[in-house]
Amino acid sequence: MKVSDKIKIAINGRYLSQPQSGVQRFAGELTRAIAKLGWQTGQEPVLLTPRTRLALPPEGLGVPVAPCGRLKGQAWEQFDLPRFREGRFLINPGNTAPVFGRHQLVVLHDAAVFAQPEGYSWKFRVWYRILQTILCHTKTRIVTVSDFSRQELSKYLKVRPERIEVIPEGCEHIARVTPDTSILQRHDLVGRPFVLAVGNLARHKNLGALTTLSRDLQRRGVPLVISGGVDKSVFSGRVDLPQSALYVGRVTDEELHALYAAASCFVFPSLYEGFGLPAIEAMACHCPVVAADIPSLREVCGDAALYVDPRNPQDISQGVCGLLDDPQLTASLRDKGDERAKYFTWDKAARMLIAIAEDDMK
1 MKVSDKIKIA INGRYLSQPQ SGVQRFAGEL TRAIAKLGWQ TGQEPVLLTP
51 RTRLALPPEG LGVPVAPCGR LKGQAWEQFD LPRFREGRFL INPGNTAPVF
101 GRHQLVVLHD AAVFAQPEGY SWKFRVWYRI LQTILCHTKT RIVTVSDFSR
151 QELSKYLKVR PERIEVIPEG CEHIARVTPD TSILQRHDLV GRPFVLAVGN
201 LARHKNLGAL TTLSRDLQRR GVPLVISGGV DKSVFSGRVD LPQSALYVGR
251 VTDEELHALY AAASCFVFPS LYEGFGLPAI EAMACHCPVV AADIPSLREV
301 CGDAALYVDP RNPQDISQGV CGLLDDPQLT ASLRDKGDER AKYFTWDKAA
351 RMLIAIAEDD MK
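First residue of the sequence shown: 1, per the UniProt record's numbering; consecutive thereafter.
It is worth saying that the hints were derived from the structure and are not from the lab.
One thing to keep in mind: the hints can contain errors.
Unchecked claim - Simulated crosslink set (DSSO-like; lysine-lysine; CA at most 27 Å straight-line):
no. : residue 1 : residue 2
1   : K8        : K336
2   : K336      : K348
3   : K348      : K8
4   : K72       : K6
5   : K6        : K342
6   : K36       : K6
7   : K8        : K139
8   : K8        : K36
9   : K362      : K342
10  : K348      : K36
11  : K123      : K158
12  : K362      : K139
13  : K362      : K36
14  : K8        : K72
15  : K36       : K342
16  : K123      : K155
17  : K139      : K348
18  : K6        : K348
19  : K348      : K362
20  : K72       : K155
21  : K123      : K139
22  : K158      : K139
Said to hold, decoys possible - Computed Cβ-Cβ distance ranges for the label pairs, DEER-style:
no. : residue 1 : residue 2 : range
23  : T138      : G62       : 27 to 37 Å
24  : D326      : G62       : 36 to 46 Å
25  : T138      : R351      : 22 to 32 Å
26  : R51       : G302      : 38 to 48 Å
27  : G101      : E44       : 37 to 47 Å
28  : P193      : N312      : 40 to 50 Å
29  : D335      : I134      : 43 to 53 Å
30  : I130      : P64       : 47 to 57 Å
As the structure is a prediction and not an experimental result, all values here were calculated from the model.
Beta carbons are placed, not taken as given, at the ideal position from N, Cα and C, and that holds for glycine.
Hey, can you work out the whole structure from these sequences and the hints?
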């Protein structure tokens with residue numbers, strides 16, 4: 001793709017100051033993909049960041065990093081960031097953006113803060129509701145990651161669906177890294193069946209619904225392995241997690257690849273997702289997927305997953321255990337998942353996003 005020489009891009013790099021989760025993953029991979037497009041000399045995008053200590057490393061993203069301003073957090077984004085963009089089109093990949101300013105887009109990943117309010121701290125809820133409502137009534141281009149999220153955002157933010165544009169997420173990042181099998185050795189998982197779940201332990205991730213599955217698997221001598229963490233400044237509420245599961249905490253991409261590739265299946269019981277990236281990551285690693293029967297996962301996974309009722313722990317357990325006992329279904333889901341994963345690439349997402357920017361600058 002050759003990018004028009006009439007456009008220059010700045011990327012809101014505030015996400016680098018935040019702990020890694022799905023939104024930060026999206027922002028980082030999108031930045032890396034944008035950097036690989038056909039930029040002419042002197043036209044290359046720049047990543048603007050606060051001068052504070054970054055939680056995520058900017059190395060390897062492929063774009064110049066420009067620390068700027070004196071503020072931090074939301075104040076930096078609202079006041080410093082607009083001053084240092086220098087007329088560039090501003091891409092905001094992480095749910096928030098400066099309120100005042102033209103020629104920018106913001107990616108709103110889902111409407112969970114409206115639809116699942118009990119899972120978020122009150123401060124987080126109030127800020128997101130106010131900010132996103134205002135952004136939707138400015139000239140800011142609104143982008144999301146699925147048609148389901150477009151309909152949800154339209155409903156809660158009171159804007160026409162046509163006002164919101166959709167781009168896919170990608171999954172090639174997980175296949176790009178070399179699996180680190182040491183995590184299998186540390187947790188005695190080498191050469192044995194296990195079921196994997198990945199989540200940030202927010203309440204809507206619904207990991208507590210896996211208690212019945214964990215007990216049923218324990219009787220089979222098969223561990224339920226759960227990876228993830230929680231940011232208490234964002235999420236609230238106690239989550240009743242399966243006591244008999246094996247918790248491995250946050251893992252590296254290399255370790256996650258090893259877990260996906262070695263797991264007998266991946267189970268994703270979430271009650272609410274804007275996209276559902278872990279399901280596609282699992283497919284990219286040739287892992288069969290058992291997914292919650294919710295609209296966004298139906299949209300993203302298509303016929304490449306086995307669907308279960310996320311509000312029925314017994315149904316989840318029967319689905320997973322039935323898959324473990326059915327080698328033919330397992331093989332079919334692996335093959336369908338391989339093909340499904342090919343559709344979702346960061347290169348495609350980056351090209352669609354830059355096309356929106358070029359259209360806005362006409």
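Quickly compare the C-alpha distance for K6 and K342 to 27 Å and report which way the hint goes.
-> 32 Å, violated
Taking 27 Å as the top limit, are the C-alpha atoms of K158 and K139 close enough?
-> 15 Å, holds
27 Å limit on alpha-carbon distance, applied to hinted pair K8 and K36 = Distance ~14 Å between K8 and K36 Cα, so the pair holds.
Is the distance from the Cβ of G101 to the Cβ of E44 consistent with 37 to 47 Å?
-> 21 Å, violated
Given hint K348 paired with K336 - CA-CA distance at most 27 Å | 20 Å, holds
Distance restraint between K123 and K139, which requires alpha-carbon spacing of 27 Å or less | Between K123 and K139 the Cα gap is close to 26 Å, so the pair holds against 27 Å.
Evaluate the given range 47 to 57 Å for the C-beta pair formed by I130 and P64.
-> The hinted range 47 to 57 Å is violated for I130 and P64, with Cβ atoms some 33 Å apart.
Confirm or reject the claim that T138 and G62 have a C-beta distance inside 27 to 37 Å.
-> Given range 27 to 37 Å: holds, Cβ gap about 30 Å.
Hey, K362 versus K139, does the alpha-carbon distance stay inside 27 Å?
-> Holds, at about 14 Å.
Would you say the C-beta atoms of P193 and N312 sit inside 40 to 50 Å of each other?
-> At roughly 24 Å between Cβ atoms, N312 and P193 fall outside 40 to 50 Å, so the hint is violated.
27 Å limit on alpha-carbon distance, applied to hinted pair K72 and K155 | Violated, because 32 Å separates the two Cα atoms, which is more than 27 Å.
Could you grab the alpha-carbon distance between K362 and K36 and see if it respects the 27 Å cut-off?
-> Between K362 and K36 the Cα gap is close to 23 Å, so the pair holds against 27 Å.
Hints 1, 4, 5, 9, 20, 27, 28, 30, counting from the list given before, are not met by this structure.
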